[in-house]
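Residue numbers (this note's numbering), protein chains in the order written: chain A, 5 to 475; chain G, 5 to 475.
Treat the hints loosely; a few may be bogus.
Identical chains share a label here; the pair holds if one copy fits it or two copies do between them.
Said to hold, decoys possible - Once the Cα atoms are required to be at most 27 angstroms apart in a straight line, the calculated DSSO-like pairs of lysine-lysine come out as: (1) 29 <-> 400; (2) 462 <-> 303; (3) 247 <-> 19; (4) 19 <-> 298; (5) 193 <-> 204; (6) 238 <-> 19; (7) 15 <-> 462; (8) 350 <-> 55; (9) 313 <-> 47; (10) 356 <-> 464.
Since the hints were derived computationally from the structure, they do not count as laboratory data. Note that the structure is predicted; figures quoted are calculated from it, not measured.
Number of protein chains: 2
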Amino acid sequence: MEIKDSNWYLKTLIKAGLFDYGPVKGTIVFKPYGYRIWEKIQKYVDGEFKKLSIANAYFPLFIPESFLKKEKQHLEGFSPEVAIVTFAGGEELEERLIVRPTSETIIYHFFSQWVKSYRDLPLLINQWSNVVRWEKRPFPFLRNTEFLWQEGHTAHTSHQEAVKFALKILEIYQKIYQEILGIYGYAGKKSKNEKFAGAKDTYTYEILLPDGKALQGCTSHDLGQNFSKAFEVKFQDQKGQVKYVWQTSFGITTRTIGALSWVHGDNRGLVFPPTVSPYQIVIVPIYSKEKNNKTVYNKINFYIERMKKIISDYEFIIDQSEHTPGYKFNEWDLKGVPLRIEIGKKEVEQEKLTIFRRDKQQRLMMTLEELENNLSFLLKEIQVNLYTKSKEFTEKNTRFVKSYEEFKKVIFVNKGFVKAFWCEQEKCEFKIKEETKATTRCLPLNSEKSSGRCIYCKQKAENIWLFAQSY
Amino acid sequence: MEIKDSNWYLKTLIKAGLFDYGPVKGTIVFKPYGYRIWEKIQKYVDGEFKKLSIANAYFPLFIPESFLKKEKQHLEGFSPEVAIVTFAGGEELEERLIVRPTSETIIYHFFSQWVKSYRDLPLLINQWSNVVRWEKRPFPFLRNTEFLWQEGHTAHTSHQEAVKFALKILEIYQKIYQEILGIYGYAGKKSKNEKFAGAKDTYTYEILLPDGKALQGCTSHDLGQNFSKAFEVKFQDQKGQVKYVWQTSFGITTRTIGALSWVHGDNRGLVFPPTVSPYQIVIVPIYSKEKNNKTVYNKINFYIERMKKIISDYEFIIDQSEHTPGYKFNEWDLKGVPLRIEIGKKEVEQEKLTIFRRDKQQRLMMTLEELENNLSFLLKEIQVNLYTKSKEFTEKNTRFVKSYEEFKKVIFVNKGFVKAFWCEQEKCEFKIKEETKATTRCLPLNSEKSSGRCIYCKQKAENIWLFAQSY
Chain A
5 MEIKDSNWYL
15 KTLIKAGLFD
25 YGPVKGTIVF
35 KPYGYRIWEK
45 IQKYVDGEFK
55 KLSIANAYFP
65 LFIPESFLKK
75 EKQHLEGFSP
85 EVAIVTFAGG
95 EELEERLIVR
105 PTSETIIYHF
115 FSQWVKSYRD
125 LPLLINQWSN
135 VVRWEKRPFP
145 FLRNTEFLWQ
155 EGHTAHTSHQ
165 EAVKFALKIL
175 EIYQKIYQEI
185 LGIYGYAGKK
195 SKNEKFAGAK
205 DTYTYEILLP
215 DGKALQGCTS
225 HDLGQNFSKA
235 FEVKFQDQKG
245 QVKYVWQTSF
255 GITTRTIGAL
265 SWVHGDNRGL
275 VFPPTVSPYQ
285 IVIVPIYSKE
295 KNNKTVYNKI
305 NFYIERMKKI
315 ISDYEFIIDQ
325 SEHTPGYKFN
335 EWDLKGVPLR
345 IEIGKKEVEQ
355 EKLTIFRRDK
365 QQRLMMTLEE
375 LENNLSFLLK
385 EIQVNLYTKS
395 KEFTEKNTRF
405 VKSYEEFKKV
415 IFVNKGFVKA
425 FWCEQEKCEF
435 KIKEETKATT
445 RCLPLNSEKS
455 SGRCIYCKQK
465 AENIWLFAQS
475 Y
Chain G
5 MEIKDSNWYL
15 KTLIKAGLFD
25 YGPVKGTIVF
35 KPYGYRIWEK
45 IQKYVDGEFK
55 KLSIANAYFP
65 LFIPESFLKK
75 EKQHLEGFSP
85 EVAIVTFAGG
95 EELEERLIVR
105 PTSETIIYHF
115 FSQWVKSYRD
125 LPLLINQWSN
135 VVRWEKRPFP
145 FLRNTEFLWQ
155 EGHTAHTSHQ
165 EAVKFALKIL
175 EIYQKIYQEI
185 LGIYGYAGKK
195 SKNEKFAGAK
205 DTYTYEILLP
215 DGKALQGCTS
225 HDLGQNFSKA
235 FEVKFQDQKG
245 QVKYVWQTSF
255 GITTRTIGAL
265 SWVHGDNRGL
275 VFPPTVSPYQ
285 IVIVPIYSKE
295 KNNKTVYNKI
305 NFYIERMKKI
315 ISDYEFIIDQ
325 SEHTPGYKFN
335 EWDLKGVPLR
345 IEIGKKEVEQ
355 EKLTIFRRDK
365 QQRLMMTLEE
375 LENNLSFLLK
385 EIQVNLYTKS
395 KEFTEKNTRF
405 VKSYEEFKKV
415 IFVNKGFVKA
425 FWCEQEKCEF
435 KIKEETKATT
445 RCLPLNSEKS
455 SGRCIYCKQK
465 AENIWLFAQS
475 Y
């Protein structure tokens with residue numbers, strides 16, 4: 005494993021200006037540099053959702069406690085971690101209000117009013133919002149007490165259509181992770197024990213963090229008819245029969261910011277893929293000593309003006325601060341901007357710019373014309389390179405084991421993902437978790453059925469599951 | 005006054021699908037058709053803010069009660085209307101948590117850590133979020149218990165710079181109201197009694213609703229050093245001296261959706277200006293009876309395909325539902341889409357489309373080519389027409405009065421805005437409010453000083469203020 009442990013993570017993300025700790029335990033401030041990443045992720049996700057005709061809406065933050073009690077598994081799953089409003093407007097409230105940890109209950113209360121006929125289906129709704137879950141062991145971005153997310157909620161006429169939709173969403177999330185965030189991972193189905201409280205099935209994209217622990221990247225749930233029965237969401241089908249709808253819900257959160265930062269970072273700081281970096285390019289003029297040499301000073305500025313036209317399609321920043329070039333280089337290394345253009349006396353004399361590739365820590369000299377011709381390709385190459393590294397790291401740290409001894413050795417010594425036969429009985433899953441802190445992460449999609457023995461109980465097993473310790 | 009009273013408002017906005025009442029008193033669901041308007045307003049405001057280099061960030065929802073107590077006026081202003089979390093994670097909390105009614109206190113707690121030197125200034129931050137204020141008499145969109153908004157927060161080296169910034173923001177809000185929402189109003193300064201709790205001065209844009217009551221459209225505050233002193237937000241100036249920063253805060257909310265709907269609506273429903281309408285164009289194919297006449301049916305579809313290319317730069321919707329044309333016309337009248345294109349047998353035979361202008365309830369026939377040439381102009385004309393109507397209505401209902409008798413007559417009979425001399429003493433303002441329910445709305449900007457007598461106490465007065473009953 006790399007040296008990028010949780011200390012590296014916490015120190016680097018604070019220093020780079022992604023967050024600050026909030027006054028209430030487990031809360032954070034999403035500082036502007038970190039929030040820009042979220043805005044980009046939002047834009048991509050929202051664009052993909054709009055293509056599927058999912059409509060945005062906004063539902064109340066406060067959920068009456070009685071709503072949460074309507075679906076038993078859901079209540080059991082969420083009640084230990086909710087925050088509760090008991091006073092408002094100077095008075096004690098008659099009914100306590102739950103600050104939403106997720107909005108299935110309140111949204112389906114409305115679905116039951118909005119859906120009457122098969123003509124109203126599918127109903128495809130999304131909400132961008134904050135949610136609150138009282139975490140016992142909070143961790144910035146990955147496990148915040150309050151986080152930002154989108155939560156999608158849909159209703160369909162058939163189970164088949166709902167499952168297809170849940171998997172379509174998983175595909176979008178996978179695309180976001182792979183093509184935008186540059187993070188390799190495994191798409192799969194959660195075990196019964198690890199699925200969302202109230203879901204029939206939960207689909208996930210599981211990624212590996214540099215410290216060897218797994219992270220659930222997002223979830224897409226097949227809710228079956230659990231909630232439609234609890235909230236009476238019914239429709240009249242084409243034959244006039246009244247039926248319960250089939251539902252899905254799905255979410256991706258600001259934990260993506262933490263994952264992104266941790267996966268690609270290196271010993272000098274953050275390394276962002278161009279598609280999601282707050283800026284793609286930073287220009288560092290080096291004229292601290294040249295201010296007296298007007299000719300050079302003017303030439304540098306002239307180059308910057310010409311450069312601006314070439315890079316106008318990208319988000320760039322020009323660092324005109326009074327710091328030394330060395331300080332600025334360190335600062336932008338830390339902040340992870342993929343391309344840095346350095347321009348000083350040397351560059352002006354050679355009529356070439358110094359281009360610094362953050363991912364390979366590599367300097368290239370090129371003319372303005374070469375920059376213009378190569379810029380788009382260069383940024384694409386950085387994007388691909390980061391994804392490839394993430395894929396190699398994850399695959400290298402995914403080990404198939406045949407015995408429980410081997411399993412424990414990998415979990416405790418190598419860390420990372422373990423692939424192993426499991427009989428799918430909860431008692432084995434529970435014992436493994438108790439003894440190794442490793443949990444089932446998912447049954448990867450499209451994995452072929454084969455035949456083996458459960459690593460724990462040695463009974464017959466049909467599927468190879470992915471295990472890991474996790475956040 | 006028009007017949008568009010509060011009953012019209014509530015019925016029309018529900019029927020048009022803008023909102024539903026939430027289960028907790030004073031909360032609403034922003035339904036997709038209403039939320040689309042908010043997304044458009046967000047986009048415009050965010051774009052204007054980015055031009056001023058205001059950076060988005062996100063601060064925690066929960067504010068420790070002790071923070072609110074640091075600025076006295078602020079505490080007094082907000083404590084009657086806050087919601088309070090007392091339980092979380094299964095336990096009673098040691099310190100009660102306020103669900104943010106606004107975020108000055110928590111944001112300036114961080115400003116005090118982020119600002120050290122004049123080099124860190126101006127600090128320009130914005131947050132898009134939900135806030136909670138426990139309203140005694142809630143009213144959908146205009147006075148929700150939970151609403152959505154942006155809240156901007158800045159810190160500057162001088163009072164002059166802060167005031168200039170607050171006024172620049174007011175100018176942006178005024179532009180949003182006039183050019184985007186098509187709503188005329190008065191930009192001005194609030195009285196001491198009506199300003200934001202904790203501000204030195206509050207600037208506002210006051211508009212008139214069709215029932216004759218005023219609405220505060222937005223606010224931009226000169227906070228002076230009230231909060232910087234309470235939260236120790238200090239900087240070292242260029243001479244090395246340590247000083248408190250000068251601050252502003254400002255916000256525009258989802259109440260804009262309610263204002264927009266009410267101001268432009270008519271006896272058939274909503275009428276949206278093109279810039280902010282969820283859709284600019286709706287196409288209603290009329291072929292219910294033509295399904296057996298394949299030639300006409302195909303021709304209609306052929307026209308629609310050609311039309312799609314012409315209107316591809318706009319947001320349009322094609323109503324292919326099974327309802328009758330009459331039903332659809334009523335529905336889209338209600339929903340306020342500015343242009344409707346009707347295409348049936350008659351249109352195909354004449355090789356012309358029927359274009360229905362929602363604002364004037366006027367039908368025009370034009371060829372595809374004429375549509376292409378006139379579309380952009382037509383939409384601009386609708387935008388201008390709605391603004392002009394709003395301006396005329398507001399000006400007609402703004403009356404200068406010379407006596408308190410006249411004042412009361414206007415407030416009770418005519419309603420609308422009243423312009424009158426006021427001595428600027430709180431006791432007169434209070435008496436007027438007590439006796440007429442009218443409050444000072446603002447001292448319009450750029451109003452010239454003149455000389456008169458306070459309509460209440462008849463003492464000398466230098467300024468003509470705007471009064472009205474309000475939401």
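Hint check:
{"no.": "1", "hint": "29 <-> 400", "result": "neither (36 angstroms within a copy, 55 angstroms between copies)"}
{"no.": "2", "hint": "462 <-> 303", "result": "neither (74 angstroms within a copy, 69 angstroms between copies)"}
{"no.": "3", "hint": "247 <-> 19", "result": "between (55 angstroms within a copy, 26 angstroms between copies)"}
{"no.": "4", "hint": "19 <-> 298", "result": "neither (36 angstroms within a copy, 69 angstroms between copies)"}
{"no.": "5", "hint": "193 <-> 204", "result": "within (11 angstroms within a copy, 57 angstroms between copies)"}
{"no.": "6", "hint": "238 <-> 19", "result": "between (52 angstroms within a copy, 21 angstroms between copies)"}
{"no.": "7", "hint": "15 <-> 462", "result": "neither (44 angstroms within a copy, 66 angstroms between copies)"}
{"no.": "8", "hint": "350 <-> 55", "result": "neither (49 angstroms within a copy, 34 angstroms between copies)"}
{"no.": "9", "hint": "313 <-> 47", "result": "both (25 angstroms within a copy, 25 angstroms between copies)"}
{"no.": "10", "hint": "356 <-> 464", "result": "neither (66 angstroms within a copy, 73 angstroms between copies)"}
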